[in-house]
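Those sequence lines, one after another, are chains H and A.
For the first sequence, our numbering gives the first residue as 1, with consecutive numbering after it.
For the second sequence, our numbering gives the first residue as 1001, with consecutive numbering after it.
Errors might be hidden in some of the hints.
Below, computed lysine-lysine pairings styled on DSBU-like, alpha-carbon distance capped at 30 Å [as the list claims (entries may be wrong)]:
| # | chain 1 | residue 1 | chain 2 | residue 2 |
| --- | --- | --- | --- | --- |
| 1 | A | Lys-1263 | A | Lys-1280 |
| 2 | H | Lys-25 | H | Lys-3 |
| 3 | A | Lys-1280 | A | Lys-1260 |
| 4 | A | Lys-1350 | A | Lys-1367 |
| 5 | A | Lys-1042 | H | Lys-25 |
| 6 | H | Lys-25 | A | Lys-1221 |
| 7 | H | Lys-44 | H | Lys-3 |
| 8 | A | Lys-1350 | H | Lys-44 |
| 9 | A | Lys-1007 | A | Lys-1221 |
| 10 | A | Lys-1082 | A | Lys-1281 |
| 11 | A | Lys-1129 | A | Lys-1042 |
| 12 | A | Lys-1263 | A | Lys-1281 |
| 13 | H | Lys-117 | A | Lys-1260 |
| 14 | A | Lys-1281 | H | Lys-25 |
| 15 | A | Lys-1281 | H | Lys-3 |
If you're looking for bench data, these hints aren't it; they were derived computationally from the structure.
These numbers were taken from a predicted model, which means no experiment stands behind them.
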Amino acid sequence: MAKYYAESHEWIELDGTTATLGISKYAADSLGDITYVEIPAPGKAVAAGEVLCTVESVKAVSDVYAPVAGTVGEGNADLEADPAALNADPENTWICKLEGVNASDLGGLMDADAYAKFVESL
Amino acid sequence: MDETLLKTPLADEHVALGARMVPFAGWYMPVQYKEGILAEHKYTREHVSLFDICHMGEFVVLGRGAASALDYALARSVADQKVGSCRYNFLLNEAGGVIDDLIVYRMQDESFILVVNAARIATDFATLKERLPSSLHMENLSDRLAKFDLQGPESTDVLVSLGLDAAALPKYYHWASFELFGMTVMISRTGYTGELGYELYFEADHAVDVWRKLLACPGVKPAGLGARDTLRLEMGYPLYGDEMDESTTPVEAGFGALLKLDKSDRMFVGSDALRADPPKKHLRGLVLDGRRAAHTGTPVLLNGTQVGTITSGTFAPSLGCAVAMAYFDASAEIPEDAEFEVELHRAVVKAKLAPLPFWTHGTANPKK
Chain H
1 MAKYYAESHE
11 WIELDGTTAT
21 LGISKYAADS
31 LGDITYVEIP
41 APGKAVAAGE
51 VLCTVESVKA
61 VSDVYAPVAG
71 TVGEGNADLE
81 ADPAALNADP
91 ENTWICKLEG
101 VNASDLGGLM
111 DADAYAKFVE
121 SL
Chain A
1001 MDETLLKTPL
1011 ADEHVALGAR
1021 MVPFAGWYMP
1031 VQYKEGILAE
1041 HKYTREHVSL
1051 FDICHMGEFV
1061 VLGRGAASAL
1071 DYALARSVAD
1081 QKVGSCRYNF
1091 LLNEAGGVID
1101 DLIVYRMQDE
1111 SFILVVNAAR
1121 IATDFATLKE
1131 RLPSSLHMEN
1141 LSDRLAKFDL
1151 QGPESTDVLV
1161 SLGLDAAALP
1171 KYYHWASFEL
1181 FGMTVMISRT
1191 GYTGELGYEL
1201 YFEADHAVDV
1211 WRKLLACPGV
1221 KPAGLGARDT
1231 LRLEMGYPLY
1241 GDEMDESTTP
1251 VEAGFGALLK
1261 LDKSDRMFVG
1271 SDALRADPPK
1281 KHLRGLVLDG
1291 RRAAHTGTPV
1301 LLNGTQVGTI
1311 TSGTFAPSLG
1321 CAVAMAYFDA
1331 SAEIPEDAEF
1341 EVELHRAVVK
1351 AKLAPLPFWT
1361 HGTANPKK
């Protein structure tokens, strides 16, 4: 499944109309040791670019944004007890699902190659 | 990097070790190495870590009358301090506010080394120069002396593995001189982590060599200022600039008992104000509900009214929850079981008072 990235360093993978969302390795590395992940409450409709939740590390607090519009679905409850999992394997550790996502909205995001170039430019 | 930042002799060593470098108190310092703050914190509590603390300042004060002059210049008694001992002390202004917190090493009867905060070196030196008689020799050794902190329950083992006699090592809050790596190293049994540990002082020219040799000892890993901060916060140790400044007295910061204001009539700069003026605030520990940290300046509310302000806070790795220190207005009625609200980024969390230190299993002081 193709992965898409936002300039605000979230990734999503779309399966039908359900997207799985996490933060990029670049984002996790920049934050350092993650100590807290807010799991967004399901049911809330979010617009593209809207704040979904907050991730906190020993030295920083950072918001996670919805890369596309949708409705917040299931959250990864394992992160409440083990937020460090986001540092260990950020590209395979999901934070929450977004439901009702329109595949045509992915056009505004970057694929893995484009994101890698974007990160290099930072 | 910002070209105005000062560098310790080890800046290139830190970068080579993969450290993340940040500005701290005007210095270019490692906040963490590759393993990260949590791993470095845990390793210090359980094993032994090496910290580059070369940014801190050292002054020598010596000459006839040095003891009595320092006794008046500083808040805690220096005159009754034994040769070979270290004492935590304060440089105050006339109003009793803290210009700096520091450690006084009594080298000989009339010879002292003062170890001061990096950001306060110039202010402290100027203040002391003015306060001490010109007949005393006073010198700023900060650029010439390197300071490394070797901290953790296995730190004695490291020094013994280097050939030092365990029985000769200084006791808690004492220092001694040793021949190590072919030079004289002053070692004190002091630190900022709450664990058994030592602070090493030696000529800065040897800093890179000593750093590499200590890191080559089995079990020794580098730790950065990030872990230093989480370790000190778990102990409730103040950080100058956060818990103390020139508008805060040591009494307000929780060190009133050390000053013995009622038990003696000792005079020192700031003593009149401290004896006359009741504290306006009190420093207390807070345990927060959950893992989210409260940072400097965050209001502490009780039933919707602000009664205090967070001075510093962090996720406490050894405790698994967030802790903070906060000043509470002396006029506010604070029940010991009060449930406070602390407003964080997009959230409000509950907090309760907690005795300091938060971390009670530290190995630093054998009497505790």
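Taking the hints in turn, this is what the structure says about them:
no.	hint	verdict
1	A:Lys-1263 to A:Lys-1280	holds (22 Å)
2	H:Lys-25 to H:Lys-3	holds (13 Å)
3	A:Lys-1280 to A:Lys-1260	holds (19 Å)
4	A:Lys-1350 to A:Lys-1367	violated (34 Å)
5	A:Lys-1042 to H:Lys-25	holds (24 Å)
6	H:Lys-25 to A:Lys-1221	holds (25 Å)
7	H:Lys-44 to H:Lys-3	holds (23 Å)
8	A:Lys-1350 to H:Lys-44	holds (25 Å)
9	A:Lys-1007 to A:Lys-1221	holds (21 Å)
10	A:Lys-1082 to A:Lys-1281	violated (33 Å)
11	A:Lys-1129 to A:Lys-1042	violated (41 Å)
12	A:Lys-1263 to A:Lys-1281	holds (22 Å)
13	H:Lys-117 to A:Lys-1260	violated (63 Å)
14	A:Lys-1281 to H:Lys-25	violated (44 Å)
15	A:Lys-1281 to H:Lys-3	violated (54 Å)
Hint compliance for this structure: hints 4, 10, 11, 13, 14, 15 are broken, all remaining hints hold.
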